[in-house]
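Use the sequences and the hints to build the structure in full.
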Amino acid sequence: MGRDPLRYFRLEARELVDQISAGVLDLDQRPGPEPVGRLLRAAHTLKGAARVVKQKEIADFAHAFEEILVPYRSGDAPLASEEMRELLRLNDEISAQVVQMEAPQAAEPAPAPAPAPVSESAPSPPPERKTDEPAEIPAPTRASTSDLDELLDAIGEANAQMTPLRDGCGTIERLHRAAEALSDQLRTGTPGAVRAAAVRLAGELGTAGRRFTDAVDQIERELDDVRGKAEGLRLVPAGSIFTTLRRAVRDAADAEGRKVRFESRGGDIRMGVHLLGPVSGAFLHVVRNAVVHGIEPEAQRLGAGKPAEGTITLEVERRGRFAIFRCLDDGRGFDLDALRRTARERGLLGPGTAGDQEMVDLVMHGGISTTTKVTEVSGRGIGMDAVREVAAQLHGEVRVRSTPGEGATVELIIPLTLLSMTGLIVEAGGSSATVPLDAVRGCLRLSAAEAATAASSGRILYDGSAAPFLPLAEVLYTGDTVPDAAGTGAAIVVDCSAGMFAIGVDRLLGTSALVARPLPELAPASAVISSVSVEADGRPRLVLDPEGLAAAVLRGHGPGARSASASTAEPLPVLVVDDSLTTRMLERSILESAGYEVQLAASGEEGLEKARGGGFGLILSDIDMPGIDGFTLVERIRADPKLSTTPCVLVSSRASAADRDRGKAVGADAYVVKGEFDQEDLLAHIRRLVVRS
Amino acid sequence: MSGPSVADRVCTLRADFDRSFAEPARTLGAASVELLAIGVGGRPYALRLSQASGVHPDRPVTALPTPVPALLGVAGFAGTVVPVYDLAALLGHPIPERPRWLVLTTGSPPLALAFHQLDHHMQVPITDVVEGSIGDAGPHAYLKGLVRLPDGNRPIVDVPATRALVHQLAGHQPVPEESS
Numbered sequence: 001m002g003r004d005p006l007r008y009f010r011l012e013a014r015e016l017v018d019q020i021s022a023g024v025l026d027l028d029q030r031p032g033p034e035p036v037g038r039l040l041r042a043a044h045t046l047k048g049a050a051r052v053v054k055q056k057e058i059a060d061f062a063h064a065f066e067e068i069l070v071p072y073r074s075g076d077a078p079l080a081s082e083e084m085r086e087l088l089r090l091n092d093e094i095s096a097q098v099v100q101m102e103a104p105q106a107a108e109p110a111p112a113p114a115p116a117p118v119s120e121s122a123p124s125p126p127p128e129r130k131t132d133e134p135a136e137i138p139a140p141t142r143a144s145t146s147d148l149d150e151l152l153d154a155i156g157e158a159n160a161q162m163t164p165l166r167d168g169c170g171t172i173e174r175l176h177r178a179a180e181a182l183s184d185q186l187r188t189g190t191p192g193a194v195r196a197a198a199v200r201l202a203g204e205l206g207t208a209g210r211r212f213t214d215a216v217d218q219i220e221r222e223l224d225d226v227r228g229k230a231e232g233l234r235l236v237p238a239g240s241i242f243t244t245l246r247r248a249v250r251d252a253a254d255a256e257g258r259k260v261r262f263e264s265r266g267g268d269i270r271m272g273v274h275l276l277g278p279v280s281g282a283f284l285h286v287v288r289n290a291v292v293h294g295i296e297p298e299a300q301r302l303g304a305g306k307p308a309e310g311t312i313t314l315e316v317e318r319r320g321r322f323a324i325f326r327c328l329d330d331g332r333g334f335d336l337d338a339l340r341r342t343a344r345e346r347g348l349l350g351p352g353t354a355g356d357q358e359m360v361d362l363v364m365h366g367g368i369s370t371t372t373k374v375t376e377v378s379g380r381g382i383g384m385d386a387v388r389e390v391a392a393q394l395h396g397e398v399r400v401r402s403t404p405g406e407g408a409t410v411e412l413i414i415p416l417t418l419l420s421m422t423g424l425i426v427e428a429g430g431s432s433a434t435v436p437l438d439a440v441r442g443c444l445r446l447s448a449a450e451a452a453t454a455a456s457s458g459r460i461l462y463d464g465s466a467a468p469f470l471p472l473a474e475v476l477y478t479g480d481t482v483p484d485a486a487g488t489g490a491a492i493v494v495d496c497s498a499g500m501f502a503i504g505v506d507r508l509l510g511t512s513a514l515v516a517r518p519l520p521e522l523a524p525a526s527a528v529i530s531s532v533s534v535e536a537d538g539r540p541r542l543v544l545d546p547e548g549l550a551a552a553v554l555r556g557h558g559p560g561a562r563s564a565s566a567s568t569a570e571p572l573p574v575l576v577v578d579d580s581l582t583t584r585m586l587e588r589s590i591l592e593s594a595g596y597e598v599q600l601a602a603s604g605e606e607g608l609e610k611a612r613g614g615g616f617g618l619i620l621s622d623i624d625m626p627g628i629d630g631f632t633l634v635e636r637i638r639a640d641p642k643l644s645t646t647p648c649v650l651v652s653s654r655a656s657a658a659d660r661d662r663g664k665a666v667g668a669d670a671y672v673v674k675g676e677f678d679q680e681d682l683l684a685h686i687r688r689l690v691v692r693s
Numbered sequence: 001m002s003g004p005s006v007a008d009r010v011c012t013l014r015a016d017f018d019r020s021f022a023e024p025a026r027t028l029g030a031a032s033v034e035l036l037a038i039g040v041g042g043r044p045y046a047l048r049l050s051q052a053s054g055v056h057p058d059r060p061v062t063a064l065p066t067p068v069p070a071l072l073g074v075a076g077f078a079g080t081v082v083p084v085y086d087l088a089a090l091l092g093h094p095i096p097e098r099p100r101w102l103v104l105t106t107g108s109p110p111l112a113l114a115f116h117q118l119d120h121h122m123q124v125p126i127t128d129v130v131e132g133s134i135g136d137a138g139p140h141a142y143l144k145g146l147v148r149l150p151d152g153n154r155p156i157v158d159v160p161a162t163r164a165l166v167h168q169l170a171g172h173q174p175v176p177e178e179s180s
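Those protein sequences? They're chains A and B, same order as listed. The first sequence begins at 1 in UniProt numbering and counts up one residue at a time. The second sequence begins at 1 in UniProt numbering and counts up one residue at a time.
Treat the hints as calculated values from the structure; they're not laboratory data. Built from N, CA and C at the ideal position, the CB exists for glycine as well. A portion of the hints provided could be inaccurate.
[To be verified] Rough simulated footprint, nothing fancy, chain A against chain B, three-plus residues with beta-carbon under 8 Å:
1) 58 to 66
2) 89 to 95
3) 107 to 120
Here you go:
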């Protein structure tokens, strides 16, 4: 291990090469002394390090690189395009050298495929790799050295915490001997001395025990930290693929004689290396296509009233459990007429007129390219094929939009398996859950009166507008008895593509960095749950999905104001059992106006018979009825395997705790007292309990 | 107590001891079966230990809003998130009381079944187990065999059949339905 003199140089060189590659492109886009200075520093460091480990070629390239830049150290003059090309060429040479230096390790077991010789005599910019090979996937993704350093530090720290335990082992040994001595004394010694010895031993055991507890607590914390950092290593920032793509844009623009600027957003979002590799490979084609097919020549752009310089934007966005990679260009859009012609020629299209979106879809299925000549860098619809393949491989989907004259967008949406995020941990109805912090717009503290107003009106005032509001406890209700909680004490305002809304929570527990993973296979969950994270104590915690929450909150605001939880499915009918005609009719009108279908039964017997007929989403029953009373009715329903899962709500004028307890004991899901009869309260119970088709 | 009887006892003990070496080693499962006697929703059942990969008391279960009533939530086992189903609900007699025990089942994907009470662990001669399904429809389809015990007979919960039910409830289809 320690015999590899290049071990550290490889790591350092890779990081420096990354900095240089990104720096050259920065400089290309925005000349000035600042990017030049940064590049010079990186190149200089690389040169020095390479000399130390006798990597003469790398050192020479780095030196040549510096030579070009030195004259531009001060002043804003841009580099001549020849010089820029030379910088890029040197950059490639250095990268190739560094890559080659790593290659022997990986290629050792096989009869090494001759390492690609780096042509020293390349007179012009290095030719693009053959674009016919969509499998050309750069490996841009790895953990950065700083991440590894942090992990190593954390492991070291955890290791250091072993010392008290090690010392403790000695203490235990000593105490063991003392205990043995004490047992000898018990036979021979005087009672007073024995007692004193026993007291001493007990004291020392107590101290040792506390030390052990402290040490174990500490180690537990440290190991938790290690676990967090190690989990994070599996994920890398999406921005690590930007440099490659930016370079591809630059090279394609250079080859086509276009001016294109590259912009990127969302590079901080972390995701699995296994996703970024293929995505980067496919998007190489997408960005090249965007330059070659999309961005118009300068004169044409100016004529169309656009800036001379085209823009290609790469956006990465996380939406719930999906990551979205989006390439936007402000070029001419797909040439739909040319596509139509080509499609006709190849017999891909019938004689009828194909709609625009239909044409775009045809592009998606491959085989058509809009370019009139096969250029060096792009064409033949390969780009789209590559994206489609990657989408299929990663179980994602591709969307393409094009506006003639304004540009095109290619979007790849892939599901994430592991996702690192910062979460806001909230407590509601006795359980805690995590809201992705990047979706949180703000938090409001609510007084009891404000909370009550928000809950009854379903709206909350935030930033001058009324946002839809729903208590989270209602969304998360799982049928558990909710412990007596303080009630809604805060509102979290969440922003998502469906708009802004607020959820009510009992309290905020803080923020935390976490790795979210998909729910296990056999756990189908409501759409408000996106994933789950594992806490330090091993307990899973649910991660909420802003989009799913939005649907739930907004559904609560739709006509008929239906349930907030579960799905959009229709609720099954509600069976109302009451011997009082007035109560039956009152309950029926309340339920029907809330959008439920209602059936009535005038006695417990009739209720049971109707219930056995099946198909009810909930049974609402009075308690005091002649014959089978409400308690018995619920008991019988619970005992019937076919009905046992049907939710039951008891409504009664009996308000005593004993009656409530009895209701709970027989298996009622909720107990509403008629005296304090509150329509909203009743509906809230029904909304969260009712079974949907 | 007279001398000869002690000598007799010693002889017997020695003979037993020697014979234990002469007899072939007993293999578990061949002549006996290991079972867990459990209480599910207030009723006695038994579970084959060979169909379980762990039994855990009082493990916290994170409740999950779900359309499947028998799914209690998820629990963490060594960093893996495992769905927990209420065995009483699966067997058709749910009770409001939360089950305390979790048994991790064998097979994949990971699945834990929750039950209310662990009565005891036992090894019974295979002859005490009456094989055969009990009924063929409804909750009884998940019971396979019966064990005769001093404190009464217990139906044996068939974990693979129960797992199949869970797969069906969760919409998880390991066998693709392609016979259309």
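Outcome of the hint check:
1. A stretch counts as covered by a chain when three or more of its residues have a beta carbon under 8 Å from one of that chain; for the region 58 to 66 of chain B and chain A the count is 6, and the coverage holds.
2. With a threshold of 8 Å between beta carbons, the proposed coverage of the region 89 to 95 of chain B by chain A holds, since 5 of its residues qualify and at least three are required.
3. Remark: the region 107 to 120 of chain B is confirmed as covered by chain A, as 3 of its residues place a Cβ nearer than 8 Å to a Cβ of that chain, reaching the required three.
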